[in-house]
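Participant: Generate coordinates for the entire structure from the input sequences, incorporating the hints supplied.
For reference, the chains in residue letters:
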Amino acid sequence: MKGKKLSVFCLVLAFVFALPLFALARDIAPVVSRDWLEKNLNDSKLVIVDIRKVEEYKEGNIPNSINVFYGTWAVKKKGLDNELPEDDDLFDVIGSAGIKAGSHVVVVGKIDTVADQVNLTRVAWTLIYGGIENVAILDGGFNKWKEAKKPISTATVKSKAGTYQGKTNKSLFATKDYVISKIGKANIIDTRMPDFFFGVSKLDFVERAGHVKGAVALPSPWIFAKDGTFKSKEDLEAMAAGVIGKDMSKESITYCDTGRLCSGWWFVLREMLGYIDVKSYDGSSQEYAKDPNAPMVKYTWQ
Amino acid sequence: MISGISAGLLKGHRFVKRDEGKTCALCHGGRVYPEYTGEYGGTPDVHYQKGMQCMDCHKKAEFHGDGKAYASRQERKDRPVCTNCHPAGQEKTEKAKSAHTTHAGKLSCAGCHASGQYRNCYDCHAGKGATSKPAFILGRNPRDKNMITTLRVIPTVRDTFKAAGIKMEHFDLLPNYWDTVPHNIKKRTERTRSCDVCHVDKEVFLTKEKLIPGGSKANEGLIYTPKSIKQ
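Protein sequence lines, in the order shown, are assigned to chains A and B. Going by our numbering, the letters in the first sequence line up with residues 1 to 302, in that order. Going by our numbering, the letters in the second sequence line up with residues 1001 to 1231, in that order.
Just so you know, the hints here were simulated from the structure itself, not pulled from any lab data. It cannot be assumed that every hint is accurate.
[Said to hold, decoys possible] Part of the chain B face toward chain A, derived, beta carbon under 10 Å:
#, residue
1, Glu1039
2, Thr1043
3, Gln1053
4, Ser1115
5, Gly1165
6, Lys1167
Small disclaimer: the values here were computed from a predicted structure and weren't measured. Ideal Cβ positions, reconstructed from N, Cα and C, are used throughout, including at glycine.
Facilitator: This is the structure in structure tokens:
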């Protein structure tokens, strides 16, 4: 009897330790290099999605890449920017891009500004939410690809459009009510710059300055090095651990002003570092601060 | 200063490689182009999402003409029409088929498929400068009152030319709202998803209360209140 109890305990323990591995059940790395992409350009499983404007794509693109502009993946809904498309619209976009459930997707874009950089993580979040697990980002985007004199095409590639009927991963998504219910329980991560967190700066469309009560500050612009590439995994790991600790199973929710910037730390925490339960609140401050009953604080780092 | 036009003009008669984002958008960059790409606060037109640009729909005959001087672009019969590429009867769902049959000849395609707010100009030439803001307006087409369509505010008010000593005595003959096709078309919109948006809520329609202050009396003729759906 004692032996049986021990076996069950060992099984449970093994399952708990294996959880991060399930969460990271990827076939490709979350961030891929220019050399890796060049070697894999003709991989039949690979779909390279260029999210720049149509005009920019036509001027020069990575061979075999298809163009699906950023605005397709993050839409305006009910007065809120950067919202998830409705499920049927999202599935249409994924299907018409020729992406299948088992595809390996590499997202490519510009890295000129922080907004450009987090456009990449925002599209990755949307694809993973849409049921595509193997989504990677090209480190340094098209800028570094071009700088490295990698092959460039001016052909417009027609995708192998099909029908995609996936299942959205609701566990990656938080609503306003959900965020409020998790105050004091989950890591709520404000990914805006510190002056916005503290409440001395505010965008016009955000009704109240400050941050969600109990949130911690971990700005997404700090994920990237000055040249627009991702900082090293060690640096990112240390930054995350310094703010939310090393408990990989504790729930985390990222937010920002509109739901774009917050995808940066969402991507790093879940896809690169292996935090298991990470959600993104795409309504973010644009929605949250409108509700006078939603708890917010300012002029404090707490 | 014309709102939205900020890219400058083509240098002389210098021809460049076709690039609608530069060439067409120089003049149409205030309203149409940013609506099309989604950069005017909305979402990209479905045709832009598919990689299409201006000249995929607007063929060269529209630009070069056919030798005849037309009084208005409305007289041209070869302008882009949705049903040229999407003819009735090819719908994939019964819901779409039924909606198209029911509204044929009564409602423009954009009435349902324009995805959201588009730029409208208010207060222009009213002695206090120009302001533009997004809005979505459905009402009767002033060119065909039996057709309901998307309307755009044309910024001329009663005292537009007051400073020049022009009274505009016939101001009330023409409305301030004209039919428009916003370039922000989507397969699905809130109106294609639910009949109630038009037939119960009715918030997207022009009403007497929404008319621009001091506007033409002809504006009232464009007001349309949809009926409830008979079960």
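Participant: State for each hint whether it applies.
Facilitator: Hint by hint, here is what the structure shows:
no.	hint	in the structure
1	Glu1039	8 Å, holds
2	Thr1043	4 Å, holds
3	Gln1053	6 Å, holds
4	Ser1115	8 Å, holds
5	Gly1165	40 Å, violated
6	Lys1167	40 Å, violated
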